[in-house]
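Next come the chains, spelled out residue by residue.
4 protein chains.
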Amino acid sequence: MQTNDLTGNAGVTDVKGDRSLSPHQQEDKDLYLRVIDKNREGIFVRGAKAHQTGSLSSHEIIVLPTRALRQEDEDYAVAFAIPADTKGLIHIVGRSSLDTRELEGTDCGNIRYSKYCPTLIFDDVFVPWERVFMCGEVEFAGEIVGRFSAFHRQSHGGCKAGKIDAMTGAAQIVAEYNGTSKVSHIREKIIDMIHRAETLYGCSLAASYEGKKEPSGTYFIDPVLANASKIHEGKEMAEVGRLLVDVAGGFVADLPSDRDLKNPDIGPLLQKYLKGAGDVPTMNRVKMFRLIEKMVLESADTISDIHGGGSAAAHRVTISRESDMDYKKRCAMRLAGIEG
Amino acid sequence: MQTNDLTGNAGVTDVKGDRSLSPHQQEDKDLYLRVIDKNREGIFVRGAKAHQTGSLSSHEIIVLPTRALRQEDEDYAVAFAIPADTKGLIHIVGRSSLDTRELEGTDCGNIRYSKYCPTLIFDDVFVPWERVFMCGEVEFAGEIVGRFSAFHRQSHGGCKAGKIDAMTGAAQIVAEYNGTSKVSHIREKIIDMIHRAETLYGCSLAASYEGKKEPSGTYFIDPVLANASKIHEGKEMAEVGRLLVDVAGGFVADLPSDRDLKNPDIGPLLQKYLKGAGDVPTMNRVKMFRLIEKMVLESADTISDIHGGGSAAAHRVTISRESDMDYKKRCAMRLAGIEG
Amino acid sequence: MQTNDLTGNAGVTDVKGDRSLSPHQQEDKDLYLRVIDKNREGIFVRGAKAHQTGSLSSHEIIVLPTRALRQEDEDYAVAFAIPADTKGLIHIVGRSSLDTRELEGTDCGNIRYSKYCPTLIFDDVFVPWERVFMCGEVEFAGEIVGRFSAFHRQSHGGCKAGKIDAMTGAAQIVAEYNGTSKVSHIREKIIDMIHRAETLYGCSLAASYEGKKEPSGTYFIDPVLANASKIHEGKEMAEVGRLLVDVAGGFVADLPSDRDLKNPDIGPLLQKYLKGAGDVPTMNRVKMFRLIEKMVLESADTISDIHGGGSAAAHRVTISRESDMDYKKRCAMRLAGIEG
Amino acid sequence: MQTNDLTGNAGVTDVKGDRSLSPHQQEDKDLYLRVIDKNREGIFVRGAKAHQTGSLSSHEIIVLPTRALRQEDEDYAVAFAIPADTKGLIHIVGRSSLDTRELEGTDCGNIRYSKYCPTLIFDDVFVPWERVFMCGEVEFAGEIVGRFSAFHRQSHGGCKAGKIDAMTGAAQIVAEYNGTSKVSHIREKIIDMIHRAETLYGCSLAASYEGKKEPSGTYFIDPVLANASKIHEGKEMAEVGRLLVDVAGGFVADLPSDRDLKNPDIGPLLQKYLKGAGDVPTMNRVKMFRLIEKMVLESADTISDIHGGGSAAAHRVTISRESDMDYKKRCAMRLAGIEG
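Residue numbers (the numbering used here), protein chains in the order written: chain A, 1 to 340; chain B, 1 to 340; chain C, 1 to 340; chain D, 1 to 340.
In short, the hints are calculated from the structure, not lab data.
There could be a bad hint or two in this list.
Said to hold, decoys possible - Listed below are the simulated DSSO-like cross-link pairs for lysine-lysine, each with C-alpha atoms no more than 27 Å apart in a straight line: (1) K29/A / K212/D; (2) K87/A / K272/D; (3) K272/C / K29/B; (4) K182/A / K29/A; (5) K329/D / K272/C; (6) K212/C / K329/D; (7) K272/A / K29/D; (8) K235/C / K329/A; (9) K235/A / K235/C.
Stated by the list, open to error - Covered stretches of chain D, going by a simulated chain C footprint (3 or more residues, C-beta under 8 Å): (10) 41-48; (11) 181-194; (12) 229-238; (13) 267-279.
To be verified - Example chain A residues on the side facing chain B (calculated, C-beta under 8 Å, incomplete): (14) A170; (15) Q172; (16) T282; (17) N284; (18) L291; (19) M325; (20) K329; (21) M333.
Cβ coordinates follow ideal geometry from the N, Cα and C atoms, glycine included.
Can you make the complete structure from the sequences, with help from the hints?
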């Protein structure tokens with residue numbers, strides 16, 4: 001489920017300080033990453049990028065501006081790539097909701113499904129010129145972040161559709177373990193989950209298929225469909241999680257610990273009382289509840305549903321800006337019999 | 001906006017009588033269309049098909065069964081095509097909500113946007129053998145209706161996305177006429193409309209792009225994505241209409257008649273008081289309200305959003321049946337660390 | 001279902017012209033109702049009030065300003081009551097979607113459930129001083145409309161909860177007529193309808209019970225709960241209608257006319273094919289479809305769900321303004337352990 | 001936010017084993033709590049009750065059946081009260097998502113807002129006769145659980161309305177800290193939160209006000225309104241959490257640890273880069289993010305939104321069963337002009 005690959009992490013989101021102010025208006029000028037010095041060999045940058053999914057498992061950190069910029073923000077128009085272990089680049093892994101489970105070695109449920117999003121501090125980091133892609137060209141800052149975001153929003157749809165597939169499978173299995181898989185409202189909730197997966201998948205696929213060839217020869221996806229997909233993700237992943245909890249039942253909240261399950265006194269009692277339908281081993285049921293707990297309550301992943309690739313307000317603005325409103329108005333005028 | 005073409009109307013929906021009974025269990029055996037006699041030249045059929053969009057403007061009426069059938073329903077497994085003016089075939093145009101407006105020649109708003117869905121009665125109609133496609137093959141009834149429905153549900157998404165485009169254009173124009181086009185909640189509602197159009201469009205497009213080649217050489221769309229699109233249509237078109245009314249305001253409900261607008265005593269007062277923003281002629285504003293009234297309150301079209309191509313329950317069953325649940329379960333098992 | 005009583009209609013909604021401008025900024029100063037002259041006996045008013053539910057069956061028309069006003073809008077701060085047949089007061093009944101059905105005497109479905117909302121033009125109407133409640137007191141305009149609106153929004157909840165009761169009954173009956181009343185998704189949809197009725201009813205009841213005694217001795221309802229109810233009405237009545245259509249089926253769109261049902265040639269065929277489950281007379285089923293058509297597609301009533309008592313944006317602003325945000329902030333500060 | 005009081009915890013939810021089977025049909029007869037023996041002094045019970053909010057801080061554990069029962073389930077019709085530290089009664093506190101934070105003494109955000117729901121195992125517990133309320137009266141099992149549930153569902157609405165108040169306060173404060181409190185989409189999301197609080201509160205209040213006096217002299221709330229409130233809770237609390245995350249931003253997911261914030265090397269950098277708008281201390285912003293993390297991602301509380309007082313399916317069935325459908329049908333019949 002990791003959205004980064006192993007070769008590059010894209011650092012976009014500045015910490016932003018007072019969001020009602022533009023970068024150069026901040027009291028502390030470093031609250032958006034900026035160029036603080038240049039010499040013949042390269043540039044020095046200072047600032048911080050938040051929520052950097054997988055930065056510690058990436059070879060390269062690729063940095064972009066986080067927003068459109070104006071002339072006064074010239075120092076903030078900077079894009080570059082540096083190795084993840086560059087001097088002065090500090091990765092701070094924050095707390096996520098289930099982080100210590102894995103350290104404790106118990107109650108993890110799984111070790112294959114996880115996510116971390118460090119805060120990266122650029123404590124006066126040097127970047128040689130051959131690795132600088134933008135330095136001062138404020139007029140392109142909006143476009144570079146817009147291009148990146150559109151791809152990010154499109155690929156999220158495919159990614160999260162896959163996550164819903166796994167969540168749907170978990171819902172079906174836990175319903176079988178509970179003996180409820182044939183109950184009509186359980187079946188309807190599972191269909192509701194599938195429907196959301198297909199919606200994300202369909203819009204993201206269409207965004208790709210409708211991609212247009214650029215003058216450079218690369219293809220650029222359809223940004224309206226990509227953002228349409230992401231709006232669903234931001235709203236519907238939470239609903240999918242809620243449906244999964246509804247199907248699974250209350251043990252997502254408070255399942256006894258593996259240590260209690262293995263305790264010589266209490267363990268056998270718990271094994272007895274946590275037994276589900278048929279001859280499914282109790283521990284399989286326990287593992288499935290732990291997976292569901294992680295899918296629904298792990299902070300880094302559930303919150304990237306909402307804020308990954310920018311927040312809903314940004315997706316909506318993009319949809320509005322990129323849609324052909326004149327065409328829509330002409331359709332209505334023609335039908336209404338009004339001369340344009 | 002007509003969903004039929006000029007050469008063929010597909011007659012699927014039987015009148016069905018008591019829907020808790022299968023065709024052969026009905027007290028009146030004719031409540032599903034059936035073969036009542038055969039001879040060397042052809043077959044005789046009796047029954048009725050409801051909601052036949054555009055039957056009067058089609059050259060051919062193509063008849064299919066309306067559901068999967070069992071052996072006892074053999075007489076109902078019948079498919080054929082006949083000219084729309086065949087003897088014994090009666091087209092009864094029902095009442096739709098705004099039907100007489102066009103007859104009156106006033107208050108139409110437009111004459112380019114309309115829809116009629118007659119009830120077709122097959123009063124012992126003869127069909128020659130060369131026009132009979134199915135006669136008694138109950139085992140294929142489910143598949144033929146499933147195939148037809150999948151295409152219908154997929155194409156509806158594209159069709160209604162186009163309708164939302166025109167509704168969005170109308171919302172934008174009427175907001176400009178009202179002087180509200182820059183108000184933030186109005187802008188958000190228009191974005192909500194666009195988002196729904198793109199969702200229908202994206203899922204329908206993806207259903208086509210993901211089409212698979214059949215042994216015969218034709219392509220069959222992806223039925224899960226097609227039905228995902230239709231589920232949105234059945235729920236979201238009503239929401240789009242509601243948003244359009246919210247943007248437009250109360251005159252969608254009770255706009256004075258053209259006859260009053262042209263009346264020598266009252267007309268000038270109405271022209272004065274129905275004036276909107278800027279120098280837009282009052283009659284343009286009136287025409288736009290009439291179009292919106294039709295888009296939102298015309299029964300044949302708004303109800304086809306919900307029931308066209310089968311109702312939501314049918315789309316949901318299809319999504320469930322056509323999805324690969326084993327794959328989804330394997331994803332969850334692997335993540336949970338359970339041996340399959 | 002009429003929301004007015006027989007003694008008074010409240011005229012609030014001005015026609016408003018360009019809504020981005022305040023009353024005195026309009027090019028035509030009459031687009032909000034205003035005082036154009038005064039003398040010893042009374043005042044003369046000019047303007048128009050739109051969407052005046054039941055004005056023709058009211059003894060008195062009570063006029064209020066439509067919004068908060070500033071000093072420059074002094075002429076618009078006017079409130080009074082006049083008999084509905086006062087000289088110069090013109091009632092113009094607009095077109096609603098099913099209006100001619102009743103004139104034709106066929107296909108009405110019912111004559112007990114109807115609504116009309118005329119446009120009232122005040123063509124220089126004289127109001128004697130003893131019937132003038134406000135004249136120039138701009139500082140109270142916002143409060144008078146706020147008070148009226150709060151009561152209107154509260155009572156709407158009770159009114160529309162009753163409408164949903166009747167819609168739910170219609171859904172249940174038509175499902176029985178169709179033979180689908182035991183199908184699980186039909187039952188769920190009926191529960192969805194009841195849930196919405198209870199939500200409107202509960203919030204409106206609570207708004208009344210929580211009413212506070214005013215210094216004058218009258219009671220004023222809780223405005224936050226009243227507006228909470230109205231927000232649900234504006235969104236959920238459309239959903240209730242959609243659910244009712246989903247339950248009822250396609251004949252809401254295109255049911256054959258009573259004239260065809262009584263036609264000597266076609267009538268018997270239609271009577272045969274429109275038969276439902278059991279021994280219910282076909283005409284009862286027809287009547288129930290006509291009622292549903294009216295409940296769902298009659299413009300005046302369905303659009304008052306959205307715009308009656310002001311539009312959703314107004315209800316939301318009221319909720320925000322009347323809520324005690326300081327209390328909510330203190331709750332969060334205390335829990336977070338932050339000194340206030 | 002604790003829903004239990006200090007004197008009594010109500011133990012209802014059995015562990016249930018295979019939910020497609022009734023208690024006596026289970027392979028292991030103990031999967032619903034049952035009477036295993038009786039003598040002159042009292043009864044012996046065996047079984048387990050899950051999700052017992054606050055059992056460790058209650059003086060008494062009050063046990064009820066979890067469902068309606070039939071004659072074969074006689075041993076399961078048992079209700080009683082025992083002290084929380086009775087011999088053989090084992091409280092097993094399960095894992096909740098943020099449980100170790102408090103043990104670690106860091107990153108808690110708050111210590112005033114927490115919830116635990118142990119599994120209680122009744123390992124052959126003795127209950128003296130004077131504390132047994134029901135023993136074998138299967139015909140009253142459904143009623144006793146129905147009564148309890150109705151009160152529980154009603155009080156949940158008030159409780160969670162209060163939780164939303166605190167969440168709304170947190171949203172407003174964090175928006176001020178971020179410098180976004182005047183952005184229109186942020187304001188709209190906060191209104192959406194308030195609206196949901198008022199809906200729960202209104203329906204719960206109305207359920208109380210509409211309470212009817214019972215023959216015994218006690219009052220019983222209106223069960224339809226109580227369940228209407230709970231249905232909103234089960235769906236809308238998740239939406240309120242989503243809105244709060246949307247307003248707050250990504251640091252709900254991955255905020256650096258207090259240990260890093262206090263680290264001599266890294267701490268000052270984090271203090272600098274986590275600074276928000278104005279002169280708000282960085283640590284206040286940190287505390288508010290920790291509170292939001294807890295409100296949105298703490299498992300025991302968020303999952304009780306969905307399953308506390310029974311799951312949504314149970315609330316829906318109750319609404320359906322307790323509503324007066326005959327009245328609703330009569331409304332529709334009268335309007336449609338059908339003789340009943």
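So, going through the hints one by one against the coordinates:
no.: 1; hint: K29/A / K212/D; verdict: violated, 65 Å
no.: 2; hint: K87/A / K272/D; verdict: holds, 20 Å
no.: 3; hint: K272/C / K29/B; verdict: holds, 11 Å
no.: 4; hint: K182/A / K29/A; verdict: violated, 60 Å
no.: 5; hint: K329/D / K272/C; verdict: holds, 25 Å
no.: 6; hint: K212/C / K329/D; verdict: violated, 36 Å
no.: 7; hint: K272/A / K29/D; verdict: holds, 11 Å
no.: 8; hint: K235/C / K329/A; verdict: holds, 26 Å
no.: 9; hint: K235/A / K235/C; verdict: holds, 18 Å
no.: 10; hint: 41-48; verdict: violated (count 0)
no.: 11; hint: 181-194; verdict: holds (count 5)
no.: 12; hint: 229-238; verdict: holds (count 3)
no.: 13; hint: 267-279; verdict: violated (count 0)
no.: 14; hint: A170; verdict: holds, 4 Å
no.: 15; hint: Q172; verdict: holds, 6 Å
no.: 16; hint: T282; verdict: violated, 12 Å
no.: 17; hint: N284; verdict: holds, 5 Å
no.: 18; hint: L291; verdict: holds, 4 Å
no.: 19; hint: M325; verdict: holds, 6 Å
no.: 20; hint: K329; verdict: holds, 4 Å
no.: 21; hint: M333; verdict: holds, 7 Å
Of the numbered hints given earlier, the model fails hints 1, 4, 6, 10, 13, 16; all others are met.
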